[in-house]
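From just these sequences and the hints, can you work out the full model?
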Amino acid sequence: MRIKSCLLKIGPLWLGLFLGIALPVLPAKAGQDEIVLRVCNWEEYIDLGDWDEEETIDLDSGDILGENSMIEDFEVWYEETYGREVRVEYSTFGTNEDLYNMLTLGDVYDIVCPSEYMIMKLMAEQELVPLSEEFYDTDIEENYYSRGLSPYIREIFERSKIQGESWSKYMAGYMWGLTGIVYNPELVSKEDAATWKILNNPAYYRQVTLKDNVRDSYFAAVGALKSKLLTSSAFLNDPEYEKHLEEEMNDTSPETIAAVQEYLQQVKDNAYSFETDSGKADMITGKVLANYQWSGDACYTLDQAEEDGVELCFAIPEEATNIYFDGWVMLKRGIGEDAGKKHAAEAFINFLSRPDNAVRNMYYIGYTSVISGGEDSRIFEYVDWNYGAEEDEEDVSEYDLSYFFGEGEDAVLTVPTEQLNRQLLCQYPSDEVIARSSIMIYFDEEQTEAINKMWIGVRCFNLKKVPVWVWGMMVVLLAAVAAVSIRRRCNK
Amino acid sequence: MKNMSFSRKSLGIPYLLFLSLFVVAPLLVLFYYGFTNGSGRFTFENLTDFFTNPNTLGTLCYSLALALVTTLVCLLLAYPTAYILATSKLKRRSVVIMLFVMPMWINFSLRITALKEVLTWIEGNLAYYPFLNSVIGMTYDFLPFMILPIFNTITRLDPALLEAARDLGADEKEAFLKVTLPLSMPGVISGVSMVFLPAMTNYVVLDMLYNSTYIMGSLIGSYFSAYNWHGGSMISLILLVMICLFTLFTKTEEENPRGGALL
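Listed in order, the protein sequences are those of chains A and B. Residue 12 is where the first sequence starts when you use the numbering used here, and the numbers rise one by one after that. Residue 1457 is where the second sequence starts when you use the numbering used here, and the numbers rise one by one after that.
These are computed hints drawn from the structure, not numbers from a lab. Each hint should be verified, as a subset may be incorrect.
[Said to hold, decoys possible] No farther apart than 30 Å at their CA atoms in a straight line, the calculated lysine-lysine pairs in the DSSO-like style are these:
#  : chain 1 : residue 1 : chain 2 : residue 2
1  : B       : K1634     : B       : K1545
2  : B       : K1572     : A       : K291
3  : A       : K343      : A       : K132
4  : A       : K208      : B       : K1545
5  : A       : K279      : B       : K1572
6  : A       : K464      : A       : K208
7  : A       : K222      : B       : K1547
8  : B       : K1572     : A       : K476
9  : A       : K475      : A       : K343
10 : A       : K279      : A       : K172
11 : A       : K132      : A       : K172
12 : A       : K464      : A       : K279
13 : A       : K172      : A       : K222
14 : A       : K279      : A       : K291
15 : B       : K1547     : B       : K1634
[Stated by the list, open to error] To list a few chain A residues with every Cβ distance to chain B over 12 Å, as calculated:
#  : residue
16 : D148
17 : T428
18 : C501
[To be verified] A partial selection of chain B residues facing chain A, derived with a Cβ cut-off under 10 Å:
#  : residue
19 : S1519
20 : A1521
21 : A1583
22 : Y1596
23 : P1600
24 : F1601
25 : S1646
26 : S1649
27 : D1663
28 : N1667
29 : S1674
30 : W1685
Since we're looking at a predicted model, the values are computed, not measured. Idealized CB from N, CA, C, for every residue including glycine.
In structure tokens form, the structure reads like this:
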């Protein structure tokens, strides 16, 4: 409701201002039968095709190769399968907040892919169209999403609720991951890296970066502040551990916010910087020794460093890790009552969830798909293809991913032991690590405001830090300037 | 269509359109947001908020300090350079000037990236000196804007004035202090305004050189990404007022240069 009144208020204003600009770029009227699907996704978050022959992923069940972009393939597939033409208008966004601002300023999309907290915000503001019942019908062959969704993710989506409705009613997952620390094992020990306290560890003065993003920084700070409690055996053995972990990590009491602010101020004076995108490159060039990173980007960083001959590792902090999801949701203002559009949007999700397409996207962007494949073994084969140990490898470990792929004999891999700290951990974390993952809920308006205020406080220059002598000097200087100018006037 | 020829006035229409659509209209939006609150009511709250909040005041002071130091450094580097260039008898003076302007042809973020590497090499770790780095980055970026106007005013000085000063018994130093310097003030002032104001808001330099402290530009951005359009708009308006005051002040100075009495 709130969002509606807000839109009504600014609607005419924006309409007047932007109609002139917006009209020419509105899509030309589509052919009668053609469906136009307006998709907005993260930048570089889908396979754009054009792979080299050598990049072919040769799985037992067949080769996978991205020739055309995923979008083109979808358009062809949709027409072949359902006999109707569809045209995708694809655009991208940079951050969740950017997307939200684009939507409130009047951009219209049918289907978008924000992170879970933004989806919760959109759900709470009743901006979303629920997924149809048919979408979850596993008897339909083309329902690749519901047939292939990992049981672990499915359980989270059904359990997590906002305003009494579970996520799965509106959201179809796309990629997921954890937050952790990328570090240089030559100069940072694993013990130091595997805790949020590394951010203000004076041993790494000005050599650790973290995210320029209030939610990620908040989570890390809470983890560091509550480190003792979170790693105590009493807490870990609590029968309701999961529930309490989530409560602790989403604590927004005024005292916690104040403590976080103080902590982050220390971090600001100790860390290298808050970065938006430069952390990956700075890790590789060796400017920093450790970097707070999302697992998908961590995987990419490790790959890139390897190409440059640098070996980096990834660690999941011992206190807790933030499990995050990016998912597809349909927007009321785009889809509306248009059944054809809705069908195409759901088909789009299904197409992306088809195991071979999920593999293509994973290979291309480095993140991890929520799809485990169900009866289709190609995702698991891909993981094995990627990380499985060669036959002559000596130092190998068993790696159990049954939490993700479902109970079964197939879910145990044999991998080189070093991978336990490397890309494999980024892409498919072990169940031991997963046990201490917590989602970060969507904070309501009041909490968000308090946290944003805290964040601005951290980043702004603190006048109290100016020593008295500087103030004194400034007063003297100002007085001198005033005296000179007055004398000048008098002389004239 | 009786008359196909354009009057001179109609040539201004494209610019008028541009102006109203992209300058006036956004300004109106800025005013609307700056003086309303979340529920659309008129309020001065955003204004009073700005001047009572230690965060925004701290940012204002920090930006002012940064801009002031940058301007001073630019001035100290640019004036002698411009003076030497303008008074030298170099045949290929324009080539030398070109050398100073050329960096502007290269993409700005590319230059700062290069600077980042150089500074890392010199300092060992960029993050040790965030304020210094920001000053260096800004100076690097804005120096040509300071050199050019000063150079222009000095080259346009009437040499007869200097000759007259010497005839009347002034030595080199006196001639410079009493003739060249006062008469080049308009150039200095336009150089200062071209450096000082952008230096208060150009937060990209700080971001790229890893200074995590907000300046005015980044503060506005942080308000917007926290969906606080009203507070952010107010800060923009306050900056606008500061710019207006500054221009007003420098304009009276320019119209009435202190050297005027000499002429």
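Hints, one by one, checked against the model:
1. For a cut-off of 30 Å, the pair hint linking K1634 of chain B to K1545 of chain B stands: about 22 Å separates their Cα positions.
2. Note on K1572 of chain B and K291 of chain A: the hinted pairing holds, with a Cα-Cα distance of about 16 Å set against a maximum of 30 Å.
3. Simply put, K343 of chain A and K132 of chain A have alpha-carbon atoms about 14 Å apart, close enough for the 30 Å limit, and the pair holds.
4. Proposed proximity of K208 of chain A and K1545 of chain B is contradicted: the alpha carbons are some 63 Å apart, above 30 Å.
5. As the CA atoms of K279 of chain A and K1572 of chain B are separated by approximately 20 Å, the hinted pair is consistent with the 30 Å bound.
6. Straight-line distance between C-alpha atoms of K464 of chain A and K208 of chain A comes to about 23 Å, which keeps the hinted pair within the 30 Å bound.
7. Using a Cα cut-off of 30 Å, the hinted pair K222 of chain A and K1547 of chain B is violated, with the two alpha carbons roughly 53 Å apart.
8. Only pairs whose Cα atoms come within 30 Å are accepted, and K1572 of chain B paired with K476 of chain A is accepted, the gap being roughly 27 Å.
9. Our distance criterion of 30 Å between C-alpha atoms is broken by K475 of chain A and K343 of chain A, whose separation comes to about 49 Å.
10. Distance hint between K279 of chain A and K172 of chain A is unfulfilled; the C-alpha atoms sit about 35 Å from each other, more than 30 Å.
11. At most 30 Å may separate the alpha-carbon atoms for a hinted pair to count; K132 of chain A and K172 of chain A meet this at roughly 12 Å.
12. Our distance criterion of 30 Å between C-alpha atoms is met by K464 of chain A and K279 of chain A, whose separation comes to about 16 Å.
13. Distance check on the hinted pair: K172 of chain A and K222 of chain A sit about 27 Å apart at the alpha-carbon level, within 30 Å; holds.
14. Among the hinted pairs, K279 of chain A with K291 of chain A is consistent with the structure: their alpha-carbon atoms are about 19 Å apart, no more than 30 Å.
15. For the hint linking K1547 of chain B to K1634 of chain B, the alpha-carbon distance of about 28 Å falls within 30 Å, and the restraint holds.
16. The non-interface label for D148 of chain A is consistent with chain B: the shortest C-beta to C-beta separation is roughly 38 Å, beyond 12 Å.
17. No beta-carbon of chain B is positioned within 12 Å of the beta-carbon of T428 of chain A; the least distance is around 34 Å.
18. Once the 12 Å rule is applied to beta carbons, C501 of chain A is consistent with being away from chain B; the minimum gap is 14 Å.
19. Because the smallest distance between the Cβ of S1519 of chain B and any Cβ of chain A comes to about 9 Å, under 10 Å, the interface hint for this residue holds.
20. With 10 Å as the threshold, the beta carbon of A1521 of chain B comes within range of chain A, its nearest partner Cβ sitting at about 9 Å, so the hint holds.
21. Below 10 Å, beta-carbon pairs count as interface contacts, and A1583 of chain B has one with chain A at about 4 Å; its hint therefore holds.
22. For Y1596 of chain B, the interface hint is violated, since its Cβ never comes within 10 Å of a Cβ in chain A; the closest pair sits about 18 Å apart.
23. A hinted interface residue such as P1600 of chain B counts as satisfied when its beta carbon comes closer than 10 Å to some beta carbon of chain A; here the least separation is about 26 Å, so the hint is violated.
24. About 24 Å separates the beta-carbon of F1601 of chain B from the nearest beta-carbon of chain A, more than 10 Å, and the hint is not met.
25. Evaluation of the S1646 of chain B hint against chain A yields a violated restraint, the C-beta minimum of about 20 Å exceeding 10 Å.
26. A distance limit of 10 Å between C-beta atoms decides the matter here; for S1649 of chain B the minimum to chain A is near 18 Å, and the interface restraint is violated.
27. Annotation: interface hint on D1663 of chain B holds; nearest CB of chain A at approximately 7 Å, less than 10 Å.
28. Hint on N1667 of chain B holds. Least Cβ distance to chain A is approximately 8 Å, under the 10 Å limit.
29. A distance limit of 10 Å between C-beta atoms decides the matter here; for S1674 of chain B the minimum to chain A is near 8 Å, and the interface restraint holds.
30. Nearest Cβ of chain A to the Cβ of W1685 of chain B: about 9 Å, under the 10 Å cut. The hint holds.
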